[in-house]
Amino acid sequence: MISRRFYLYLLACLMAFVPAGIALPEDTPKAPAEGEQKEEEKDIQLMLEESYKVGEKIEVKIKNNSRLSYLYNQKYPGCEFTYSDNTGREFFIPNAIHCDKVVTVEIRPNETKKLFEWKLDECTSDIFFGCNKTQSLPEGTYTMSGTFFANTEEEEFVEVSETFRIIK
Numbered sequence: 252m253i254s255r256r257f258y259l260y261l262l263a264c265l266m267a268f269v270p271a272g273i274a275l276p277e278d279t280p281k282a283p284a285e286g287e288q289k290e291e292e293k294d295i296q297l298m299l300e301e302s303y304k305v306g307e308k309i310e311v312k313i314k315n316n317s318r319l320s321y322l323y324n325q326k327y328p329g330c331e332f333t334y335s336d337n338t339g340r341e342f343f344i345p346n347a348i349h350c351d352k353v354v355t356v357e358i359r360p361n362e363t364k365k366l367f368e369w370k371l372d373e374c375t376s377d378i379f380f381g382c383n384k385t386q387s388l389p390e391g392t393y394t395m396s397g398t399f400f401a402n403t404e405e406e407e408f409v410e411v412s413e414t415f416r417i418i419k
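When we follow the working numbering, the leftmost residue of the sequence shown carries the number 252, and every step to the right adds one.
Some clues are possibly wrong.
[Said to hold, decoys possible] Below, simulated EDC-like cross-link-like pairs (lysine to aspartate or glutamate); rule was C-alpha separation at most 20 Å, straight line: (1) Lys364 <-> Asp377; (2) Lys384 <-> Glu368; (3) Lys308 <-> Glu357; (4) Lys314 <-> Glu368; (5) Lys312 <-> Glu357; (6) Lys370 <-> Glu410; (7) Lys326 <-> Glu300; (8) Lys312 <-> Glu301; (9) Lys312 <-> Glu368; (10) Lys370 <-> Glu407; (11) Lys365 <-> Glu406; (12) Lys308 <-> Glu390; (13) Lys312 <-> Glu300; (14) Lys370 <-> Glu301; (15) Lys304 <-> Glu390; (16) Lys326 <-> Asp336; (17) Lys352 <-> Asp336; (18) Lys370 <-> Glu292; (19) Lys312 <-> Asp377; (20) Lys304 <-> Glu404; (21) Lys365 <-> Glu410; (22) Lys370 <-> Glu307; (23) Lys293 <-> Glu390.
No wet-lab data here; the hints were simulated from the structure.
A quick note: this is a predicted structure, and the numbers were derived from the prediction, not measured.
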């Protein structure tokens with residue numbers, strides 16, 4: 252029998268393809284000035300740098316700052332997120348084209364997990380077996396957003412979003 256938690260997780264994966272909370276230029280979060288206090292940490296935090304170089308290969312990591320365990324798709328973790336530029340245009344990355352295989356694992360309290368590596372590119376052509384053409388993202392501001400469900404009987408979840416810049 253399929254659990255209610257699985258259906259909620261599947262719903263979150265499907266909702267990841269609907270625009271939600273896309274940061275536009277005027278909404279782009281700014282790093283706190285020296286001496287200012289950081290914004291309150293979310294239960295799940297995307298571990299991204301403020302900026303990267305065009306075409307740089309990065310590691311996308313998450314950190315669990317809460318006392319609860321959260322779930323994510325270990326098989327295709329790139330599918331946990333939506334990707335957009337500062338105009339609101341959404342795009343797919345090569346790691347998040349086919350999201351049909353779900354292997355749910357948990358990230359425990361105070362754990363940091365590497366989800367995937369990404370060459371800061373987008374998929375421009377998709378065939379049945381995956382992305383067959385990519386192009387590097389140009390200079391600009393980009394946002395990754397996603398939803399993670401707590402590994403509890405309640406329907407607890409946290410939405411995460413992180414903005415970064417790509418520079419030459």
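Please work out if Lys308 and Glu357 have their alpha carbons no farther apart than 20 Å.
-> Not satisfied, since the Cα-Cα distance of roughly 25 Å exceeds 20 Å.
Given the proposed pairing of Lys364 with Asp377, does the C-alpha separation stay at or below 20 Å?
-> 28 Å, violated
Pairwise hint evaluation, Glu301 against Lys370, where the allowed Cα distance is 20 Å at most | Roughly 16 Å between the alpha carbons, so the hint for Lys370 and Glu301 holds.
Straight-line alpha-carbon gap Lys308 to Glu390, limit 20 Å = 15 Å, holds
Straight-line Cα separation of Lys304 and Glu390 no greater than 20 Å?
-> 8 Å, holds
When you check the alpha-carbon spacing of Lys370 and Glu410, does it fall within 20 Å?
-> 24 Å, violated
Sort out whether Asp336 lies within 20 Å of Lys326, counting only the CA atoms.
-> Cα-Cα ~25 Å, so violated.
Given pair status - Glu368, Lys314, alpha carbons within 20 Å | Distance of about 16 Å is within 20 Å: holds.
Take a quick look at whether Lys326 and Glu300 sit within 20 Å of each other, Cα to Cα.
-> 24 Å, violated
Holds or violated: Lys293 to Glu390, with C-alpha atoms at most 20 Å apart = Violated, because 28 Å separates the two Cα atoms, which is more than 20 Å.
Regarding the pair Lys352 and Asp336, is the alpha-carbon distance no greater than 20 Å?
-> 27 Å, violated
Can the restraint linking Lys312 and Glu301 be considered satisfied, given a maximum Cα separation of 20 Å?
-> 14 Å, holds
Of the numbered hints listed earlier, those contradicted by the structure are 1, 3, 6, 7, 10, 11, 16, 17, 18, 19, 20, 23.
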